[in-house]
Amino acid sequence: MNSTGHDSGTEHAHHDHDHDHEGPGYTTPQAAIEESEPEELAYVMGLYVGTDIDAPDFLAVVDLDPDSATYAEVVDRVEMPNRGDELHHFGWNACSSSCHVGGLERRHLVIPGQRSSRIHVVDTKDRRDPELEQIIEPEEVFEEDLSAPHTVHCIPGGQIVLSMLGDPDGELPGGFLELDESDFSIDGRWDPPGEIEMNYDFWYQPRRNVMVSTEWAAPETYYPGFDLDDVEAGKYGRQLHIWNWEEKTVEQTIDLGEEGMIPLEVRFLHSPVSTHGFVGAALSSNVFNFHQVETTPGDGPGRYAAEKVIDIEAREHEDWDMPVPGLVTDLLVSMDDRYLFFSNWLHGDVRMYDVSDPMNPRFVDRIWAGGHFGPDHPIEGERKVVGGPQMLQLSLDGERLYWTTSLFSSWDEQFYPEEGELGSVMLKADVDPRRGSMTLDEEFLVDFGEMPAGPARAHEIRWPDGDCTSDVWQ
Amino acid sequence: MGPDGGPGDDGDGPPHRLELERADGSGTTTVTARAAETVLEAAERADTHIPFGCRTGACATCTAELLSGTVEHRREPRALKPRHREAGYVLTCIAVPTADCRLRVGSDVAGELTENPWR
Chain V
1 MNSTGHDSGT EHAHHDHDHD HEGPGYTTPQ AAIEESEPEE LAYVMGLYVG TDIDAPDFLA
61 VVDLDPDSAT YAEVVDRVEM PNRGDELHHF GWNACSSSCH VGGLERRHLV IPGQRSSRIH
121 VVDTKDRRDP ELEQIIEPEE VFEEDLSAPH TVHCIPGGQI VLSMLGDPDG ELPGGFLELD
181 ESDFSIDGRW DPPGEIEMNY DFWYQPRRNV MVSTEWAAPE TYYPGFDLDD VEAGKYGRQL
241 HIWNWEEKTV EQTIDLGEEG MIPLEVRFLH SPVSTHGFVG AALSSNVFNF HQVETTPGDG
301 PGRYAAEKVI DIEAREHEDW DMPVPGLVTD LLVSMDDRYL FFSNWLHGDV RMYDVSDPMN
361 PRFVDRIWAG GHFGPDHPIE GERKVVGGPQ MLQLSLDGER LYWTTSLFSS WDEQFYPEEG
421 ELGSVMLKAD VDPRRGSMTL DEEFLVDFGE MPAGPARAHE IRWPDGDCTS DVWQ
Chain U
475 MGPDGGPGDD GDGPPHRLEL ERADGSGTTT VTARAAETVL EAAERADTHI PFGCRTGACA
535 TCTAELLSGT VEHRREPRAL KPRHREAGYV LTCIAVPTAD CRLRVGSDVA GELTENPWR
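So the sequence lines, in the order shown, correspond to chains V and U. Quick note on the working numbering: the first sequence kicks off at 1 and runs consecutively. Quick note on the working numbering: the second sequence kicks off at 475 and runs consecutively.
Extracted from the complex, chain U is given alone in its bound form (with noise of 0.2 angstroms):
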């Protein structure tokens, strides 16, 4: 995962700093993502909420935008359409930093998704 390895690094990459900006202007969070770990799992660890529901990748509560740096995510992120993907948004539930990032969190994301489709 992490090209370089360095302090924490436990064999599966170095931990990364996530900035989390929320979609709703409310401020910015910052937690350290641990080798191997969620973006979803690295927030609670610092007990800073953002939304979330399956934690399988299927529901996409939990999407972000990806605004800097990279993510692998653990499995295929089903509730993601290529052209979300394309896009930028990704699943915090599966979604593990690959760098340091800075992503648009909160409940307005996922609503970017989709749209009344009659209107």
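Bound-form chain V, shown alone (with noise of 0.2 angstroms):
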């Protein structure tokens, strides 16, 4: 798994502290996409929460060999202990960015329960076989005045830093909790408390001392669904939060306005020495680049702007009396930095630009599957796909991209009720990144409507060797 520690040109000529490496991950973003194999299965998130089926949540294991008897099959699941956790988000213990840390393996899982507030570790030691291995408790994490974790994400150094969505009561502010890598323990608040309100997704950038938080809202006001009074009444987020790394500490809010209504899943380029980034804005259904404008005095992260780069129209239908508005809910980017993917979860399509230029990003394909103006069977003579493109990953070379179709189960509940009755399915692209192009692959279907348990849902994706949406570098 680890890289021969080669250096790859440009990407690594500004690596101001050239090492041994020693830790988790690969040496550079290039590294990663040279040296890293086809991905022969995936870790992906299956739910039951809310349903009227007996089962907890499971971590799914997906057989992605082609030549496998199995391929396209769920091979092992790991059933938590508990009901009602909502596995939502979850991420290694280790990664790239720790690669000054010898010892460290990306071997454990960090499952969060994103209604339970429960914390689980499997070890992944045996890929095709992971085991639970420890539980951090709901009361526990409440003892941090936190609750609703969310991402998770190992930070240099060995630590992984999760952000929470609410106070025990499920209220705001939000924040995020540290946990210590040698022994899953709660090391505390990373974060000082009041530094914001709402919470959702984070992005950090440690050589540029810079952190991105992003903001959903209240557990209390999400968790039962999605209510356009809500809305109305200022209870979901539109601001992004530029924070400086070192010091934990919200250096610049930055209103999104009406274009940017609930800004989800934020992703820097993954060239450790960039600043800009990219966040989807759901329910406004745009996409936004961020970038530092200026430096300030100190080693601080600077100022930073946000532009709408990307504006999906809403579109009539004639079964909803409104405009149905995209849902731009997962977007990524490709480990070279050129391209960035996103799905509309209500209409039903998963979107490639090349953002070469990142101030301008360039339409370049997109595949219709499910969703309220996509297919119902994107793939003649298998089933019926309920749901839209939700959950995105990327193969590290970028030439394969998969998604789920399931958002959290209330608001599926909501938006694809039929979801409930027959279960998600996970979907693959070949992508071909010289053209610019994408085929859905007609060979590739797991159907979660299959499970032993009942129909469940199935929503983040990660491989064993790191991922797109995992990975950063220091």
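Please note that a few of the clues may not be correct.
[As the list claims (entries may be wrong)] Now the in silico label distances, taken between C-beta atoms and shown as ranges:
id	chain 1	residue 1	chain 2	residue 2	range
1	V	Gly436	U	Glu560	51 to 57 angstroms
2	V	Glu133	U	Glu560	44 to 50 angstroms
3	V	Gly454	U	Asp521	17 to 23 angstroms
4	U	Gly543	V	Asp319	38 to 44 angstroms
5	V	His377	U	Ala561	37 to 43 angstroms
6	V	Ala69	U	Asp521	35 to 41 angstroms
7	U	Gly499	V	Asp354	50 to 56 angstroms
8	U	Gly499	V	Ala69	38 to 44 angstroms
Everything labelled a hint here was simulated from the structure, so no lab data went into it. Ideal Cβ placement from N, Cα and C applies to all residues, glycine included.
Combine the two chains into a complex, taking the hints into account.
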């Protein structure tokens, strides 16, 4: 898994601490592209929370090896010990940002329950047969005045930080929880309390001493489902927070305005020197670029600006009273920083843009599958797809894009009630980075409707060797 | 809590009979709630599955409709808006019966709190 440490040119040229690469991951994003093998399996969240199926949520192991007899099947499931978790986003104990920490392995998955606030640690030493190793119970999390864990990032030095969306009552403010990688105990709050109100996703760029965090809403607001009254009451977010990474303080808050309602997933470019990144505003259905516009005295993150660079028009639908927003729910950047992919969960398309010039994304291709405008049966002869493209994951070489269809159990029920009865699917597109095109792989459909306990929802996807939404370089 | 004590009364009130009617039409289960026990706790003790999530009254996953009887929420049921409470919805994770109750339970009930706002 570890790279050979060769320098790959421009990417590494500014690496001011050229080093013996001891820790997990690859020396550079380019090394990840060149040295990684095609992914042979995926870890995918499977959900029963909020259904009448009497079973806990699970971690699914999906076979991605085209030469395997069980290709595109769930070959193992790690059931959690409790029901009601809503396993959602998850992350690794270590990634390429811990490149200086010898002895660390990218081996443990940290899997939070979004509704329960219970945090699970799964050991993936045996990749095809991972095992639940440890649990942090909700009461321990509540003691830090936090709840509703969301994004998990390994950070330099062998620590793990989780964005937390609420307090123990499911109200604001949220914050960040820090875990100790050595024993997965709670270290405490990462941030000084009171820096932010709402929280959701975050991404950090340690060499630029910057972190960007986004906003969903208070857990009590989004947990039960989406209500326009809450939007009108200002209960949903529309701000980006620019943090001083070292000081753990918010240096700047950018209000994205009406066009930036509910900024969810945020991704910096992978190059550790870049200050450019993208954030998808789900409700307004826009993509924003953000980047540093000026440095400030000292070694702070400087000043950032955000600008709408992609606008998804709402569409008329014969069965809807109002135009349907695209609902940009997930986005990612290819490891070579050339392409941006994002999903329009309500429309039903996944899009690919050339972001060689990150301020001027150029649309290159899209695939329609499910949603309210795409084909119900994107693969002829296969089962019906309910829900639209949602969580995305891209191979390290940028040639295979995978996605699942569930967003959040209570929101799924509102917008795709059939998904609870039929379960999610996982689909795949073959990507041609040279031509800038995608083709739906008609040989690949993972049916989460066929789980032993009953139809399950499928959510975030991770590869054992790191992926385009978890690895950060120092 | 209970007005008249009786068998099983530990000072916090008597046990109550809970009829849990499945919203999907799959039947009704009867369980007994001990004094000061929530509907969810009583169901779990009887190995009867009803959906739940946060267990703090914030997420509404455990929403049930109170068809008869009375409950008192242990704390503010934050996931329910005034219109939901007026319509008789309760959160089983924090709802303590104060009388024998009949409740409509199951995942379909939580779905009644919201609808597709654009449709």
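* Distance restraint hint 38 to 44 angstroms, applied to the beta-carbon atoms of U:Gly543 and V:Asp319 -> Given about 39 angstroms between the Cβ atoms, the range holds.
* Range hint compliance [Cβ, V:Gly454 to U:Asp521, 17 to 23 angstroms] -> holds (18 angstroms)
* To do: Starting from the hint 44 to 50 angstroms, judge whether the C-beta atoms of V:Glu133 and U:Glu560 obey it.
  => holds (47 angstroms)
* Mind checking the hinted window 50 to 56 angstroms against the Cβ distance between U:Gly499 and V:Asp354? => holds (53 angstroms)
* May I ask you to test the hint 51 to 57 angstroms on the CB atoms belonging to V:Gly436 and U:Glu560? => holds (55 angstroms)
* **Distance restraint hint 37 to 43 angstroms, applied to the beta-carbon atoms of V:His377 and U:Ala561** => For V:His377 and U:Ala561 the Cβ distance comes to about 38 angstroms; the hint holds.
* Is 38 to 44 angstroms right for how far apart the beta carbons of U:Gly499 and V:Ala69 are? -> holds (41 angstroms)
* For V:Ala69 and U:Asp521, compare the CB-CB distance with the range 35 to 41 angstroms and indicate the outcome. => At roughly 38 angstroms between Cβ atoms, U:Asp521 and V:Ala69 fall inside 35 to 41 angstroms, so the hint holds.
Of the numbered hints given earlier, the model fails none.
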